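Residue numbers (my numbering), protein chains in the order written: chain A, 1 to 141; chain B, 142 to 522.
These aren't lab readings, by the way, just hints derived from the structure by calculation. Treat the hints loosely; a few may be bogus.
Pairwise CB distance ranges (calculated) [to be verified]:
| no. | chain 1 | residue 1 | chain 2 | residue 2 | range |
| --- | --- | --- | --- | --- | --- |
| 1 | A | Ala124 | B | Leu270 | 17 to 27 Å |
| 2 | B | Leu332 | A | Thr66 | 21 to 31 Å |
| 3 | B | Asn497 | A | Arg39 | 46 to 56 Å |
| 4 | B | Pro318 | A | Gly138 | 50 to 60 Å |
It should be emphasised that the depicted structure is a prediction, and the values quoted were computed from it without experimental measurement. In this text, a Cβ means the ideal position worked out from N, Cα and C, and glycines have one as well.
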Amino acid sequence: MSERAPTRPLPDIRNAGAMFWSKAAEGVLVVPKCNACSRTFWHPRPRCPHCGSEQVGWIRGSGAGTVHTFTVVRQSGDPYFKTKLPYAVAMIDLDEGVRIMSNIVDTPLEGLRIGMRVEVLFEAAGEGIAIPLFRAHGGGA
Amino acid sequence: MSQRDLSAQVSIVGVATAGIGWETQQSVAEIMADAACKALDDAGLGVRDVDGVFAVTPYYWMPSVALADQLGIQPKVTDSTNIGGASVVAHVGHAVRAIVAGQCEVAVIAYASTQRSDAGKLVTGADILPYERPYGALFPISGYAMVTQRHMYEYGTTREQLAKVAVAASQWASLNPEALKPEPLTVAEVLASPLVSDPLRKLDICLVTNGGGAIVLTSRDRAKKLRKRAVSVLGTGESHSHCYVTNMRSFTATAGVESGRAAFEMAGLGPPDIDVVQIYDAFTIMVALGLEDLGFCEKGGAGAMIEAGIGPGSKLPVNTTGGGLRYCHPGMFGIFLLVEAVRQLRNECGKRQVENARTALAHGFGGVLAGNATVILARDG
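Excised from the complex, chain A in its bound form (with noise of 0.2 Å):
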């Protein structure tokens, strides 16, 4: 019998975020905006968490952020992300003006730092979905 490596965990793609996932899975980047207050948000929720319209809408996000805080992660417990130690977990600031969590990969770790530029990249990850990462500006493998 033969063991299959273990694989990347999956997002729940239902509900408010199931526009996100789509284009992700095209290699676009959508980011929550509310066409009431016109300000965007996150996480994709279906009503907006600063005015509380349901005029919720997506535009496409250039893909471009800034690292607003890191940590690299040493020691894990999980079968598939033991096989990436040590990895770094990030909060990226979108151009949009949103926060988000994601990896940052292909960049030397001692190179992270608050406020560096990344940009967008997506990797499949099994059953349709491809997930969104990020890699310094201007690098990648």
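Given the coordinates of chain A, assemble chain B onto it according to the supplied hints.
Relative to chain A, chain B alone:
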């Protein structure tokens, strides 16, 4: 009526801990009930007197109902509010409101966990946001690590300063006969301990133990008829600005600003009036954030305050049991903040007693700085 009318109307009349250790022969319900009964003994009251039950634990679906079941109580007020480690601190405010409103007379607040014996690691029941699940952030360590990183960046807080939180905790623990890790630590030892999620190292992080505790509250008038000197609840506050790390309003400030402000306003006091402080310390950064957000120093000033000293003999003693870092940490530490605050005000703390402690503040955090609850207590008379 204003919230100031709630001040000094309710007293804590009994406290106890139970089951603190690396091993256990008891269930969570047994430890909670044991702590509750010991706290009632401490108060000179009995189980038959209890008509308000407040409990939290990730082990049970309906924690207060499970505790009442274990003890054979049918209460008039029941509360299983879960905001993480801050829960029981928030329960104090809930109990105050119920007692002042005349809905119950004697309230028990209790907590327990046997996570050390069961999973050997943190048991939380926490849910994971879909937008976080793919990224492998350790819960809750990586969230606190990112907060620490940002705090160091914005305010110049250093690794040595945060290590001194653990060192001070170890100094207090060495004076606490209940402490599970009473050996003193040095800054060098903390900074040499293995990295878990940068910049947090093993010794920046709390213990994983079993244990539980309980407190008993009643009206000020009833308290006067009991044998021990009561501790009065002067102020309470609770708040949360987010649930998930993704939605944190700030990576350097917490809703302790709001819960602390509410507690101080109810009490009619300010930070300089507090003699001893208990701040939830699952991670060294939490003590820094608590000192700042509760107003003991300006935002960003905690590093300097920690350098000036928070250990035995210091001007503002913090976490006099040794805290979650060195005393015990059975999943949630909130109940131990309350038990110790009361014991300090009653002068029951032996070698770790803060001289002339007349007022105490306890602040709990829950999740990744999500739940926040603050309580201000004073010695009666």
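The hints, checked one at a time:
Range check, A:Ala124 to B:Leu270: about 21 Å between beta-carbon atoms, so the 17 to 27 Å window is met. Under the hint 21 to 31 Å, the C-beta atoms of B:Leu332 and A:Thr66, about 29 Å apart, fit the expected range. Between B:Asn497 and A:Arg39 the C-beta distance comes to about 52 Å, which sits within the given range of 46 to 56 Å. The supplied range of 50 to 60 Å is met by B:Pro318 and A:Gly138, whose beta-carbon atoms lie about 59 Å from each other.
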